[in-house]
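When we follow the working numbering, the leftmost residue of the sequence shown carries the number 1, and every step to the right adds one.
Note that these hints are calculated values from the structure, not bench results.
Glycine is no exception: its CB is placed at the ideal position from the N, C-alpha and C atoms.
Hints are not guaranteed to be accurate.
[Claimed, not checked] Pairs of lysine to aspartate or glutamate, EDC-like flavour, derived with a Cα cap of 20 Å: (1) K15 to D4; (2) K75 to D38; (3) K75 to D49.
[Said to hold, decoys possible] Label-pair distances were calculated between CB atoms; the ranges are: (4) Q47 to R67: 35 to 43 Å; (5) V129 to E9: 17 to 25 Å; (6) D105 to L37: 32 to 40 Å; (7) A5 to F31: 33 to 41 Å; (8) R39 to G17: 15 to 23 Å; (9) E14 to A62: 17 to 25 Å.
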Amino acid sequence: RETDAPLREKYFAEKDGLWRIADRVKRHVDFIHLNLLDRTKVALLGQMDVVLCRNVIIYFDAETKRRVIQTFHDKLRPGGHLLLGHSESLINLSNSFELRHLRSDMVYRRGAEGRLPPDPWHAAAEAAVRHADDREAER
Numbered sequence: 001r002e003t004d005a006p007l008r009e010k011y012f013a014e015k016d017g018l019w020r021i022a023d024r025v026k027r028h029v030d031f032i033h034l035n036l037l038d039r040t041k042v043a044l045l046g047q048m049d050v051v052l053c054r055n056v057i058i059y060f061d062a063e064t065k066r067r068v069i070q071t072f073h074d075k076l077r078p079g080g081h082l083l084l085g086h087s088e089s090l091i092n093l094s095n096s097f098e099l100r101h102l103r104s105d106m107v108y109r110r111g112a113e114g115r116l117p118p119d120p121w122h123a124a125a126e127a128a129v130r131h132a133d134d135r136e137a138e139r
């Protein structure tokens, strides 16, 4: 909704008046449904660059939230991002993430300890976040 035109044109495709993720991007993404409390299934997951978990943890008790957030931290690559719903936050749950403020949203970022592996999609995501940060600083 707030993506600049050059990034929107590069990573999205317009269809029926709506913007969708371009097929060439989708090929690099795994979309899955997962029981976050099933440790045996979660253990099968590899490292991830981004976790989108919107409007899920609001339904868990505090201890379950902590367990799920720790799982996200463990599965995210250094520098990876966690996106939660607008009514969700990590306050009183975890201090393992950096809070990043974008123009109209907030995202959590796992600290970038160590060196990040070369990955063109990760570099593009980092560039988009830096660009959003720069635009926010200009305001």
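Hint check results:
no. : hint                    : result
1   : K15 to D4               : 18 Å, holds
2   : K75 to D38              : 14 Å, holds
3   : K75 to D49              : 9 Å, holds
4   : Q47 to R67: 35 to 43 Å  : 19 Å, violated
5   : V129 to E9: 17 to 25 Å  : 18 Å, holds
6   : D105 to L37: 32 to 40 Å : 27 Å, violated
7   : A5 to F31: 33 to 41 Å   : 26 Å, violated
8   : R39 to G17: 15 to 23 Å  : 43 Å, violated
9   : E14 to A62: 17 to 25 Å  : 42 Å, violated
Checked against the numbered hints above, the structure violates hints 4, 6, 7, 8, 9; every other hint is satisfied.
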